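Colleague: Letter by letter, the chains look like this.
2 protein chains.
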Amino acid sequence: MRRKKVLQFSKAPDGKQGLRLIAQLVRSTLHAQRSTLLGLGIACPGSVDEEGVVLADSPNLIGWKGTNIKQPLEKIFKIPVLIDNDANLAAWGEKCWGVGKNARNLIMLTLGTGIGGGIIINNQIYRGSHFYAGEIGHMKILPDGPKCSCGQKGCLEALASAPAIVQRYNTKTLKRYNVNTARDVFDKASGGDKIACEVVQETAHYLGISLASLINIFDPDVIIIGGGIAKAGNILFKPLRKVVRKNIMPHSLRRPAILPARLGEDAGLLGAAGLVLNP
Amino acid sequence: MRRKKVLQFSKAPDGKQGLRLIAQLVRSTLHAQRSTLLGLGIACPGSVDEEGVVLADSPNLIGWKGTNIKQPLEKIFKIPVLIDNDANLAAWGEKCWGVGKNARNLIMLTLGTGIGGGIIINNQIYRGSHFYAGEIGHMKILPDGPKCSCGQKGCLEALASAPAIVQRYNTKTLKRYNVNTARDVFDKASGGDKIACEVVQETAHYLGISLASLINIFDPDVIIIGGGIAKAGNILFKPLRKVVRKNIMPHSLRRPAILPARLGEDAGLLGAAGLVLNP
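The listed protein sequences derive, respectively, from chains E and G. When we follow this note's numbering, the leftmost residue of the first sequence carries the number 1, and every step to the right adds one. When we follow this note's numbering, the leftmost residue of the second sequence carries the number 1, and every step to the right adds one.
Hints were generated in silico from the structure; no laboratory data involved. Misleading hints may appear alongside valid ones.
Copies of the same chain look alike in the list, so a pair counts if it works inside one copy or between any two.
Stated by the list, open to error - Mimicking PhoX-like on lysine-lysine, the simulated pairs with C-alpha atoms at most 25 Å apart in a straight line are:
(1) K70 to K246
(2) K238 to K101
(3) K175 to K188
(4) K147 to K172
(5) K188 to K238
(6) K75 to K242
(7) K75 to K101
(8) K238 to K65
(9) K5 to K153
(10) K153 to K238
(11) K246 to K194
(12) K153 to K70
Nothing here was measured: the structure is a model prediction, and the numbers come from that model.
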């Protein structure tokens, strides 16, 4: 049985406080359920090394740099604690229980406020040489394109993330029909709004170009698109697949399936559980 | 001791004839050297599957599609035959004996008439799900850029291969100072020719953009640049490293070394030998 509790972290000023909150949550959950704990799986919104140390501050993890998340929790609960980056674990979740079940090599993109990437190679999470692999949102797509959160220009994230979609629509309409979410833009496109259709088409173009490059480089079994934007369905996936087909090498035609994620916003959590069950 | 014999394949109309020529060459070499053969390593200028079957015709391998290269040679010589794509094996060569010796994850680009790519992950050649991985020359760099040999537009190969460099120079000079090789362009740039300098700068830009994306995606230990163009030395590598530094994510700064290959045009052959010695 799957149960979920949500704890707002906004009141944790740093890693030390945050760890205390996590320990409390685990303790209270255990107490309520009288269950045995096999292990703790943790999806972390930032890069962590093999010791379980947070490598850098990130927008959702301010004040955690250098915090060892693994060791203190193992000490308290005397069980294995497994931890990884949330984008890696979203891919791992889809591999363990989602649309990536039969894939040996897969790439998952999570499209939301940012664009996260997770790479599975030979049935294992690929972390890179310094635990920074998978920054697919920061592939360069449009030289001298719009500024990205990372400080560079023309990254995929600056072109196809939710805020990028919203901003492009609002700019094109001169803010006459201000929208707040990417979903609004997709809804308007479904309703026939011309400018919204144009923005969706552009998004499919930028995303499709980057998927084509990824396919040419990785030759994966499947590419999985998750995050809020993936819910847009066919209005995004149809033009997206068309752009990919147009831009991959002829021998790759129709090879890797491009599929919406199955596990929704829990992909990372389920991936963390998967890490405990299939380490 | 290393000895090399060269056999022109132009007279082999297809795979069957080609195999016969290879067998003759091996036999005569063995005879001359009275040596024992540990195994045969073969670097193939096209994709091959795990059975040793050529997957498609390619510019240097016309009429070979479907030819099993491994089995007949194993039958004749009664030794293990190991075969892989030449770009993969160039990377493997540099990993076994070249500048990639200490790298667990590395990417090698061979810049010549085309742009080949080889990827080593966790100390193994990464071949992808259908033996087509590593087509780094076909990353999309410039949407609607010049036409590429693969039929698409704006691929790295169409911007930074030797013919692309030559063509850009000749176009910019309105063919007044027609050059024939990329080396001519680099020589002219070294001599201060303004247009040649511009072309080299552009080449470094396109190549640097793609390396930055690869670093953000793979987080490798090292990126190796081989092929004729790599011999250009600092006039290419200095601006190239600058472009990469400017375009990778801040946390990656100065992480992966970008190094010229050490093994020259024999990287693929040495990689094939490496495959026999470290299969």
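Colleague: Checking each numbered hint in turn, tell me which of them this model violates, lowest number first.
Modeller: 1, 6, 7, 8, 9 and 12
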